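Go ahead and model the full structure; you've got the sequences and the hints to work with.
Protein chains in written order, with numbering that gives the first Met the number 0: chain D, 0 to 328; chain X, 0 to 328; chain V, 0 to 328; chain H, 0 to 328.
Incorrect hints may appear among the rest.
The list makes no distinction among identical chains, and a pair is therefore deemed to hold if it is satisfied within one copy or across any two copies.
Unchecked claim - Taking lysine to aspartate or glutamate pairs in the EDC-like style, the calculated list, with each CA pair at most 16 Å apart, reads:
1) Lys243 to Glu321
2) Lys243 to Asp197
3) Lys243 to Glu137
4) Lys243 to Asp136
5) Lys243 to Glu36
6) Lys243 to Asp58
Please keep in mind that the hints were generated in silico from the structure rather than gathered at the bench.
Bear in mind the structure is a predicted one, so any value in this text is a computation, not a measurement.
Protein chains: 4
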Amino acid sequence: MLNVGILGCGRIGRVHAASLAAMEGARVAAVADAMPEAAQALAESCGARAMDAEALIADAGVDAVVIGTPTHTHYDLIHAAARAGKAILCEKPVDLSAERIRACMAAVEAAGVPFMTAFNRRFDPNFAAIGARIAADEIGAVEMVTILSRDPSPPPPAYIEGSGGIFRDMMIHDLDMARFLLGEEPVTVYAVGAALVDPEIGAMGDADTAAVTLTTASGRICQISNSRRASYGYDQRIEVHGAKAMLRADNMLRDTVEMAGPQGFTRAPAQDFFLERYAAAYAAEMRHFVDCVAQGRAISPSLADGLRAQLLADAADLSWREGRMVRLD
Amino acid sequence: MLNVGILGCGRIGRVHAASLAAMEGARVAAVADAMPEAAQALAESCGARAMDAEALIADAGVDAVVIGTPTHTHYDLIHAAARAGKAILCEKPVDLSAERIRACMAAVEAAGVPFMTAFNRRFDPNFAAIGARIAADEIGAVEMVTILSRDPSPPPPAYIEGSGGIFRDMMIHDLDMARFLLGEEPVTVYAVGAALVDPEIGAMGDADTAAVTLTTASGRICQISNSRRASYGYDQRIEVHGAKAMLRADNMLRDTVEMAGPQGFTRAPAQDFFLERYAAAYAAEMRHFVDCVAQGRAISPSLADGLRAQLLADAADLSWREGRMVRLD
Amino acid sequence: MLNVGILGCGRIGRVHAASLAAMEGARVAAVADAMPEAAQALAESCGARAMDAEALIADAGVDAVVIGTPTHTHYDLIHAAARAGKAILCEKPVDLSAERIRACMAAVEAAGVPFMTAFNRRFDPNFAAIGARIAADEIGAVEMVTILSRDPSPPPPAYIEGSGGIFRDMMIHDLDMARFLLGEEPVTVYAVGAALVDPEIGAMGDADTAAVTLTTASGRICQISNSRRASYGYDQRIEVHGAKAMLRADNMLRDTVEMAGPQGFTRAPAQDFFLERYAAAYAAEMRHFVDCVAQGRAISPSLADGLRAQLLADAADLSWREGRMVRLD
Amino acid sequence: MLNVGILGCGRIGRVHAASLAAMEGARVAAVADAMPEAAQALAESCGARAMDAEALIADAGVDAVVIGTPTHTHYDLIHAAARAGKAILCEKPVDLSAERIRACMAAVEAAGVPFMTAFNRRFDPNFAAIGARIAADEIGAVEMVTILSRDPSPPPPAYIEGSGGIFRDMMIHDLDMARFLLGEEPVTVYAVGAALVDPEIGAMGDADTAAVTLTTASGRICQISNSRRASYGYDQRIEVHGAKAMLRADNMLRDTVEMAGPQGFTRAPAQDFFLERYAAAYAAEMRHFVDCVAQGRAISPSLADGLRAQLLADAADLSWREGRMVRLD
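Below you can see the structure in the form of structure tokens.
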């Protein structure tokens, strides 16, 4: 039985707590939040103890921590948890600074604790199936990856401010997915972007519409596009073109109903809310973390994966701002 | 070069003439119509001679005739063409009376001329592919056939009057398709029907919404449904469930465009007009007729196929009127 | 808090227990099974007491019972639970005899207890959406309902024996769905059937492939087909054709991945297992039961709905055996 | 009646001749080809005169010419035809040198003759519908265009040699489509490419897999990807994301048949051959040319459109070779 402590009882913390509650072999032992009422409420609903973060990390009855607090707090919590010898599952982005992620890596390696970066999309059953089928050589060598990713609607300006920009906040998921699917590290990055959805986002120096092109050393190509707006739901599509065949995952729609009328044939919009769309992914991600910790297996995505994605996001941001291709070493 | 005479220069006659014009190995030699202007117009557009029907059938320069005149005239034209030794392609239904179709069969057999009943749908590339794949044993033994067939809108009452009713006029296509796909002759027929679309059709003693169940001696089942109305275009779907797999043909839509918006994902309506929907079928049907005549091969669907479909339509009509299953011998 | 007792700790009992565990406002208070180990195991996993059925029904701490025991035991359990004043959720079929269902109705009415017949498919999000959209007049008057329902593979002969036959065991779901969608009671039933999948099923006097046609007083038509075999998963499709538009629900596939290669474009098979396919339906069904009991609202589907479906299944069985249309009063 | 002369009786010349033969208001008056037998054969099949190119252009009985000869001959033929006052439909690319295209423009403008650049894809019914629906403001302001375009298999090395490279030979179609759909001129171009399909193509200094990103002055983004190989047919998809909705055109498959079996649900491969895939586009393109010439209307795509596409292809080629974004003035 793995005893897990939840740091941060907001939306994502509650999702992880629910995954643990429905799982054999693990349980929520303790929860903490800067807002004590939030911690108390979650503690009650899952039969755990509410504590403050420091105490939770120090608690001998806690084997692993899930860090779902605001990004700027990750650094200290990772260091503390590593020192306390806890296994760590940390939400993305690990930090907005690659330098500080490197410092976290050093701390985690020094402590020798298991660490997982929560790129949940790798665990989406559809995307995971594509990954597995590429690995099983169903499509031959990967030649081109295409990722289209659009949010239903833009976040409020206040969110944008601390987000690190569209490449670090939104596209980082797609950059990790690109690495997951390409099978080789990207070596060049080129990004474009514009504020087409909300001029206020533009005024804050960020883009709400963006596209990136990656290439790998052997010449594989990945195109990613993002928009902060999609009137038809949460648009999440990936396509991998290989030497022998092509694999693609379409959107998950709200239901399977189609209406036929004078307007034509209409299916439901895509599932709108990311927690619904990726519900299965969150559960599978936690299952993977618990199993790997319990069995002492290496965890993927690792902290190094978190760093690589961050470096790609940094490069994309730079490319966009300077209007030039950026080479990664 | 097969010299073909077109009897009847209405909509369907012009389709056949166009198929012949675009084809190598055959040409329209002569055309005839009760309305001389119609004959003249078609003659000019395809470089043929306009004649009266009698002369056309007698003409030594005509090798084959295509009968696209009103149904009640088929009987005499078939007899005359058979006597004149012409190959015959006759529109469905050959006649509204099975007895008279039998008389036509006798005449055609006595004369030894090639005869094709124009069940064009067997030549639709989609439905023909299903037939070919069943024949290639892709799905194992056929167990169940499902046919959904809906017209965009009901015909005017004047048309209903001389049509022979929904089973002989509309469902006869599906009954022939059922025979084509089942691979065994139906031995029981059960039909239901109602006038749900247009009360006037009901007042004339006909139905505009109908369904039939067929069974074969070995127990294979076919369900057919018809409606004289479909707000989303001409709905033409078939599905064949076999021991190993299932094959189905979906509708042909107006284009491949899909719009995604708050209402969901909307594709175009189905192609609306039967001449557009079955354009490829009409061309392939004529190609088959010309090739079979030229090469002296047996033609399918034959006049016997026309008779069997008519007997099924008669049985369905009887079943509906008497509210009981009808057994075919 | 509604305290629920689970009678029958097999597959379906465990599904209902899990739904209750994940739900606010209700909990599993007690469980019972003819095999004490099964009861014990479920009791432990959901923190409930294991008891024998009699004691559970008598227990003052139990407000409602879920009957998931073998069909032949339903009759006595319903009577006992009704006498004890418990709300009842009973799996389908309530009983294989319409006469005995009528006796249950009398007992339930006399006791005045809430009763729900567990036709879970009405709660499938896709089918429920179709029902709601018909009710919202999106497609105008219903004219034709088409239901295709195929199991992945036939049950073992031992199961067939006590099942009541394909119409009462399998098609009863579709007959209930037909009533749900038609909006009028069927007045005629015609059924065909054959043993095409497994000759042993035929030898036992049952069919494994069957089709039914229903009509209502106003002329609405429903066609249902069933097969005990589908190589591509659990095939569950419904389509409702109305005066203004058509609604249909397609299968739920295992994932959204499509592979394109020389063979064409291949999507995943349909979800195979009924507990997976109808997982959301089971949860919504239990939610509905708990809410209706808690709020004193009328429950649908009722015991009368269970009886009507059984009468349709009886009529279909009779129609098939006698080769004739059967009229319902 | 527009009398048209066909220059070049190869594959594309024959397609244009067939379009004219099936059309009212125009006819093939004369044909010419460097190989007299080719000209003779086409002349016979469409009842035209075979001549040499010079004579054809000089012929008073020819109102318009269709230039379907090898690219390097276009320049002289355009100049000659312009001098002779003929309307001109010229296959793409007009020339591999933007400078020489500018010279053609000067000659055409001086002569005042109608000129159409044969970007046939704009006339594909699916893509044309998307263009029309954008123009009708169905999706609001265009924000992002995604074009995926893959050939079934790479051309032979001999073809590559004179082709101008993948950007000028293959992607030029997509670059024109981008202009057609973006509604604004691209101002930046970034291209990547590699020889992943055939190393020989790489050895010749060309790529067989390529991707381009375009941006317009207002920030609209277009991503295009090309591959010279697709195992599932001729892959031709476009998607336009707008402020209000998204429009996309899927591939045209060989038929509408779907097989369901243990492998899942399989539809047919995409139509394989470009002349089949774009058959309707070629016919509509010719119809547009003939109508515009007959009615004295401005023709689109114009020679300026041909030049703009060529400049984009040149910029893409440069971007790829130099690994940097290229700005267009």
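A quick look at each hint next to the structure:
no.	hint	in the structure
1	Lys243 to Glu321	neither (38 Å within a copy, 30 Å between copies)
2	Lys243 to Asp197	between (42 Å within a copy, 13 Å between copies)
3	Lys243 to Glu137	within (8 Å within a copy, 24 Å between copies)
4	Lys243 to Asp136	within (9 Å within a copy, 27 Å between copies)
5	Lys243 to Glu36	neither (55 Å within a copy, 40 Å between copies)
6	Lys243 to Asp58	neither (53 Å within a copy, 52 Å between copies)
Hint compliance for this structure: hints 1, 5 and 6 are not met, and every other hint is.
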